[in-house]
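> Each chain, letter by letter, is given below.
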Amino acid sequence: MRRNELTLLPKLPLLITEAADEFDALRDAFEQEIKPRGIIEHMYVHDISSIVWEILRLRRCKVVIINSAFRSALQDLLKQVLRQPGQYEHHVEGEAQILAQSWFTDQEAKKQVSEILSGFDLDESAIEAEAITRSSSDLEVLDRMLTSLESRRNKALGCVAEYRANLAQQLRDSADRIIDAKGVLRLEDAASERSTAA
Amino acid sequence: MASEGQIAANHRNARKSTGPRSGAGKKRASRNAYRHGLTLSITSSAAYAKQLDRLVREIAGNTEDPILLERARAIAQAELELARVRRVKVALIERASAFGELDPPQAFSSVTQIIRLLNAIDRGRVPSFPEPVDSSATMPSQEPDRSAEAIRRVLPELRKLDRYERRAAAQRERAVLELSDRIKYGDNP
Numbered sequence: 003m004r005r006n007e008l009t010l011l012p013k014l015p016l017l018i019t020e021a022a023d024e025f026d027a028l029r030d031a032f033e034q035e036i037k038p039r040g041i042i043e044h045m046y047v048h049d050i051s052s053i054v055w056e057i058l059r060l061r062r063c064k065v066v067i068i069n070s071a072f073r074s075a076l077q078d079l080l081k082q083v084l085r086q087p088g089q090y091e092h093h094v095e096g097e098a099q100i101l102a103q104s105w106f107t108d109q110e111a112k113k114q115v116s117e118i119l120s121g122f123d124l125d126e127s128a129i130e131a132e133a134i135t136r137s138s139s140d141l142e143v144l145d146r147m148l149t150s151l152e153s154r155r156n157k158a159l160g161c162v163a164e165y166r167a168n169l170a171q172q173l174r175d176s177a178d179r180i181i182d183a184k185g186v187l188r189l190e191d192a193a194s195e196r197s198t199a200a
Numbered sequence: 002m003a004s005e006g007q008i009a010a011n012h013r014n015a016r017k018s019t020g021p022r023s024g025a026g027k028k029r030a031s032r033n034a035y036r037h038g039l040t041l042s043i044t045s046s047a048a049y050a051k052q053l054d055r056l057v058r059e060i061a062g063n064t065e066d067p068i069l070l071e072r073a074r075a076i077a078q079a080e081l082e083l084a085r086v087r088r089v090k091v092a093l094i095e096r097a098s099a100f101g102e103l104d105p106p107q108a109f110s111s112v113t114q115i116i117r118l119l120n121a122i123d124r125g126r127v128p129s130f131p132e133p134v135d136s137s138a139t140m141p142s143q144e145p146d147r148s149a150e151a152i153r154r155v156l157p158e159l160r161k162l163d164r165y166e167r168r169a170a171a172q173r174e175r176a177v178l179e180l181s182d183r184i185k186y187g188d189n190p
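Just so you know, the sequences run in chain order B and C. Using this note's numbering, you'd call the opening residue of the first sequence number 3 and step up by one each time. Using this note's numbering, you'd call the opening residue of the second sequence number 2 and step up by one each time.
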């Protein structure tokens with residue numbers, strides 16, 4: 003039944019760098035938790051998995067955007083801290099560029115940068131802050147998209163619960179109608195009938 | 002509720018919003034629908050129509066109730082629309098990853114540059130054409146940096162598509178509620 007429903011639902015398109023089995027594992031985990039019944043519930047679970055997949059994709063993107071701004075952020079920060087009174091930024095540009103480049107591969111350079119920064123009561127978090135500031139316009143858009151996706155995921159979870167509650171109510175109503183229509187003997191009726199006969 | 006004055010002000014403001022005015026703005030706006038094609042009806046493709054019918058039948062079961070069928074169709078349509086928006090999103094990211102941007106590189110980025118070129122020709126000079134920028138060359142070569150950079154470059158487009166996606170999801174939720182009501186109350190909603 004489940005396989006049939008999954009083949010009917012459109013497959014989530016993935017980037018060529020994304021693994022289909024990882025998405026399947028994510029959806030299976032949601033199915034284990036939610037235990038969908040019927041095509042509508044499967045639809046919602048598929049939707050929730052797709053939204054969560056996209057949330058993960060955008061979160062990865064956020065991290066990469068910040069990381070890729072690290073070098074230029076470090077270079078700018080170094081230009082600021084290396085500059086002596088009376089000097090312009092271009093006087094220290096070469097030194098800042100070399101240090102920023104070496105920071106990623108050379109432990110000595112990393113130590114040197116830490117010492118320079120600590121002279122101004124700064125540490126590596128200052129580089130991260132600068133990297134975030136430089137990418138803030140992109141990060142802001144990503145954050146809005148993530149907020150929108152998270153709200154849709156929560157709504158979809160709510161929809162499953164609501165749909166189930168509606169279904170349960172329908173089943174109760176149907177059962178009541180069947181009992182009323184067929185005049186099924188109720189326990190209290192049976193008891194009164196027995197007392198009358200006696 | 003808005004007062005008459007507010008309504009009149011809204012009408013006045015709406016008359017001012019007549020879309021893009023500059024030539025470049027009009028040209029850009031005219032290409033909006035070509036970029037993702039989401040304004041096309043979902044039933045315009047035969048494959049979609051077939052998939053839609055199968056999904057409708059699965060949702061509605063064996064019923065012949067036309068209202069129930071119609072509501073099942075609305076759910077299926079919204080579901081396929083959601084899938085379509087997701088496909089477009091991925092296609093845009095893949096395209097940006099491959100070429101570095103969505104639009105082909107332009108030789109001239111402004112009218113002023115074209116005028117300068119024509120003036121140079123008028124003065125009998127041999128104009129030098131600017132080299133087109135190869136955007137793919139500025140893309141990171143390794144993953145996941147390349148995909149992330151591609152996403153960053155198409156963020157404005159993805160943000161627009163998010164609106165389509167939310168609308169399709171809302172349509173589906175409304176349709177599911179209506180279907181539940183129909184099943185619950187039958188002919189007496």
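No lab work stands behind these hints, which were simulated from the structure alone. Careful, some of the hints might be misleading.
As the list claims (entries may be wrong) - DSSO-like cross-link-like pairs, simulated, lysine-lysine; straight-line CA separation at most 30 Å:
1. B:Lys37 x B:Lys13
2. C:Lys51 x B:Lys64
3. B:Lys13 x C:Lys27
4. B:Lys81 x B:Lys64
5. C:Lys51 x B:Lys37
6. C:Lys185 x C:Lys17
7. B:Lys157 x B:Lys64
8. C:Lys185 x B:Lys37
9. B:Lys13 x C:Lys51
10. B:Lys37 x B:Lys157
11. B:Lys157 x C:Lys17
12. B:Lys157 x C:Lys27
13. B:Lys37 x B:Lys81
14. B:Lys112 x B:Lys64
15. B:Lys13 x B:Lys113
16. C:Lys51 x C:Lys185
17. C:Lys17 x C:Lys161
18. B:Lys64 x B:Lys113
19. B:Lys81 x B:Lys113
20. C:Lys27 x C:Lys185
21. C:Lys27 x C:Lys17
Source: prediction; values computed, not measured.
> Each of the hints needs a verdict: does it hold here or not?
Quick rundown of the hints versus the structure:
This hinted pair checks out: Lys37 (chain B) and Lys13 (chain B) have alpha carbons roughly 19 Å apart, not beyond 30 Å. With a CA separation close to 39 Å, the supplied pair Lys51 (chain C) and Lys64 (chain B) exceeds the 30 Å bound. Distance restraint check for Lys13 (chain B) and Lys27 (chain C): the Cα-Cα separation of roughly 36 Å exceeds the 30 Å cut-off, and the hinted pair is therefore not satisfied. Annotation: proposed proximity of Lys81 (chain B) to Lys64 (chain B) holds, straight-line Cα distance about 26 Å (limit 30 Å).
Note on Lys51 (chain C) and Lys37 (chain B): the hinted pairing holds, with a Cα-Cα distance of about 28 Å set against a maximum of 30 Å. Our distance criterion of 30 Å between C-alpha atoms is broken by Lys185 (chain C) and Lys17 (chain C), whose separation comes to about 48 Å. About 24 Å separates the Cα atoms of Lys157 (chain B) and Lys64 (chain B), which keeps this hinted pair within 30 Å; it holds. The suggested pairing of Lys185 (chain C) with Lys37 (chain B) holds, with an alpha-carbon distance near 23 Å, which does not exceed 30 Å.
In summary, the hint linking Lys13 (chain B) to Lys51 (chain C) is supported, as the alpha carbons are separated by about 16 Å, within the 30 Å threshold. Of the pairs offered as hints, the one joining Lys37 (chain B) and Lys157 (chain B) holds, with about 18 Å between alpha carbons and a cut-off of 30 Å not exceeded. This hinted pair does not check out: Lys157 (chain B) and Lys17 (chain C) have alpha carbons roughly 37 Å apart, beyond 30 Å. Of the pairs offered as hints, the one joining Lys157 (chain B) and Lys27 (chain C) is violated, with about 37 Å between alpha carbons and a cut-off of 30 Å exceeded.
For a cut-off of 30 Å, the pair hint linking Lys37 (chain B) to Lys81 (chain B) is broken: about 57 Å separates their Cα positions. Restraint check for Lys112 (chain B) and Lys64 (chain B): satisfied, since their Cα atoms lie roughly 24 Å apart, inside the 30 Å limit. Proposed proximity of Lys13 (chain B) and Lys113 (chain B) is contradicted: the alpha carbons are some 50 Å apart, above 30 Å. For the hint linking Lys51 (chain C) to Lys185 (chain C), the alpha-carbon distance of about 29 Å falls within 30 Å, and the restraint holds.
As the CA atoms of Lys17 (chain C) and Lys161 (chain C) are separated by approximately 23 Å, the hinted pair is consistent with the 30 Å bound. Proximity of Lys64 (chain B) to Lys113 (chain B) is assessed by CA-CA distance (about 27 Å); at most 30 Å being required, the pair is judged to hold. A C-alpha spacing of about 17 Å is found between Lys81 (chain B) and Lys113 (chain B), which places the hinted pair at or below 30 Å, so the restraint holds. A C-alpha spacing of about 50 Å is found between Lys27 (chain C) and Lys185 (chain C), which places the hinted pair above 30 Å, so the restraint is violated.
For the given pair, Lys27 (chain C) sits about 16 Å from Lys17 (chain C) by alpha-carbon distance, which is consistent with the 30 Å threshold.
Of the numbered hints given earlier, the model fails hints 2, 3, 6, 11, 12, 13, 15 and 20; all others are met.
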